[in-house]
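We have chain A already, so just place chain B on it with the hints.
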Amino acid sequence: MNKNMKILIVDDFSTMRRIIKNLLRDLGFTNTEEADDGSTALPMLQSGNFDFLVTDWNMPQMTGIELLRAVRADDRLKHLPVLMVTAEAKRDQIIEAAQAGVNGYVVKPFTAQALQDKIEKIFERVNG
Amino acid sequence: MLAILGLAVTRDENTQDRLLRAVQERAADLQASLAENDWAGATALIDQLADIRNQALYDEVACLTQTLHSTLLDLQLDAGNPHTEEVSQIDDASERLHYVLKMTEKAANDTMDLVESSAPLINYISYEAQSLTADWQRFTRREMPLNEFKELARRVEAFLLRSLHDSDQISGHLNDILLAQSFQDLTGQVIKRVTELIGYVDESLLRMGNMARSVDQVAGIEHDQAALQQGNKMQQSRSRGEGPQIRADKAEDIVSDQVDVDDLLSSLGL
Chain A
3 MNKNMKILIV DDFSTMRRII KNLLRDLGFT NTEEADDGST ALPMLQSGNF DFLVTDWNMP
63 QMTGIELLRA VRADDRLKHL PVLMVTAEAK RDQIIEAAQA GVNGYVVKPF TAQALQDKIE
123 KIFERVNG
Chain B
36 MLAILGLAVT RDENTQDRLL RAVQERAADL QASLAENDWA GATALIDQLA DIRNQALYDE
96 VACLTQTLHS TLLDLQLDAG NPHTEEVSQI DDASERLHYV LKMTEKAAND TMDLVESSAP
156 LINYISYEAQ SLTADWQRFT RREMPLNEFK ELARRVEAFL LRSLHDSDQI SGHLNDILLA
216 QSFQDLTGQV IKRVTELIGY VDESLLRMGN MARSVDQVAG IEHDQAALQQ GNKMQQSRSR
276 GEGPQIRADK AEDIVSDQVD VDDLLSSLGL
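Going down the list, the sequences are from chains A and B.
The first sequence lines up with residues 3 to 130 when you count with my numbering.
The second sequence lines up with residues 36 to 305 when you count with my numbering.
Extracted from the complex, chain A is given alone in its bound form (with noise of 0.2 Å):
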């Protein structure tokens, strides 16, 4: 896996956006940047060369689910890999973003491992 990725960061609360990124930090991915929403994550999407995307579900403009949607009906965004992870869990809403195409998808709270093993499960089918 290409420690160098570059990864954006979406969610609304910036406590959260903290806590990933230093996660994300720990497991050797220090190229990361943020947005506070899905309107305007995806604008930087759209111009940034971003390799991964971890979102969160419920934010006020634009939701993650309508940012998944949004990436996946792009030519030039629709391989990119989605992790979203978020505090919505009713089994309908993880169907929908399935559907949608997400490839991984983790409920908040969660814990270090989980977000590294959803990681290394994306990056493996990718590359596999």
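If you are wondering where the hints come from, they were derived from the structure by calculation, not from laboratory data.
Note that the coordinates shown come from a computational prediction; the quantities given were computed from them, not determined experimentally.
It is possible that part of the hints are untrue.
Unchecked claim - Partner residues aside, some chain A positions facing chain B, computed with beta carbon under 10 Å: (1) Asp-28; (2) Asp-58; (3) Arg-93; (4) Gly-106; (5) Tyr-107; (6) Asp-119.
To be verified - With a cut-off of at most 30 Å between alpha-carbon atoms, the simulated DSSO-like pairs for lysine-lysine come out as follows: (7) A/Lys-92 with B/Lys-285; (8) A/Lys-80 with A/Lys-92; (9) A/Lys-110 with A/Lys-92; (10) A/Lys-23 with B/Lys-137; (11) A/Lys-23 with B/Lys-141.
Each residue gets a CB set at the ideal place from its N, CA and C atoms; glycine is no exception.
Frame of chain A; chain B shown alone:
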């Protein structure tokens, strides 16, 4: 006004029952009047019934507005209240919750600041201890020339001094992390008070809902429930998300942990 005063006395009797009793009492007389073609008598009876029905309606409406006023007064929301410059209880609750938001955010950030400034100190101790251990083992195996040992002794001393200093600092950070958790006491108190207010508002709204229903019954009004539901602003689109599930163990359509999520995803081939 008389209606309101009368109301206090007769409130224990159900208005609708009273109305029903009045109609039953006069039904036979009304039929008799109609059978005898006594039009004036029948009209008088119908007028009486209409008066009783109107009175019942006034009583119910008066009761409803009285409850509404006393509730608004309790919540300090009443526009006619001379004390409206006082902040309303709902505004006060919003402010309190905003305080909780600020306090929890500050505690989280303070804690993360302290963890982030402790991490490099611990990393240094771990890194340098590893490197010194390797050299120390060379020394105990007598594989180290004297000039290198002098250098090793100097590094060990520097390491010990720095460890002393850094462990003091880390211990200070740990104490500060502990103190940062005191937000829980303060926010807990605030949340308790807001929960009490919500309980009171819920009770008041329920009481007013029941009174409004009794006005509807007396007046014979039926509302279009479907149209009322449609106007419900709280019903949001699903893509908005629902937030954290607080009863994951009691609901079947909610996953209880990450293992559940993984099972569900693998059943979908992910």
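Here is what the structure says about each hint:
{"no.": "1", "hint": "Asp-28", "in the structure": "holds, 9 Å"}
{"no.": "2", "hint": "Asp-58", "in the structure": "holds, 9 Å"}
{"no.": "3", "hint": "Arg-93", "in the structure": "holds, 5 Å"}
{"no.": "4", "hint": "Gly-106", "in the structure": "holds, 8 Å"}
{"no.": "5", "hint": "Tyr-107", "in the structure": "holds, 6 Å"}
{"no.": "6", "hint": "Asp-119", "in the structure": "holds, 9 Å"}
{"no.": "7", "hint": "A/Lys-92 with B/Lys-285", "in the structure": "holds, 12 Å"}
{"no.": "8", "hint": "A/Lys-80 with A/Lys-92", "in the structure": "holds, 25 Å"}
{"no.": "9", "hint": "A/Lys-110 with A/Lys-92", "in the structure": "holds, 12 Å"}
{"no.": "10", "hint": "A/Lys-23 with B/Lys-137", "in the structure": "holds, 21 Å"}
{"no.": "11", "hint": "A/Lys-23 with B/Lys-141", "in the structure": "holds, 18 Å"}
In terms of the numbered hints stated before, the structure departs from none.
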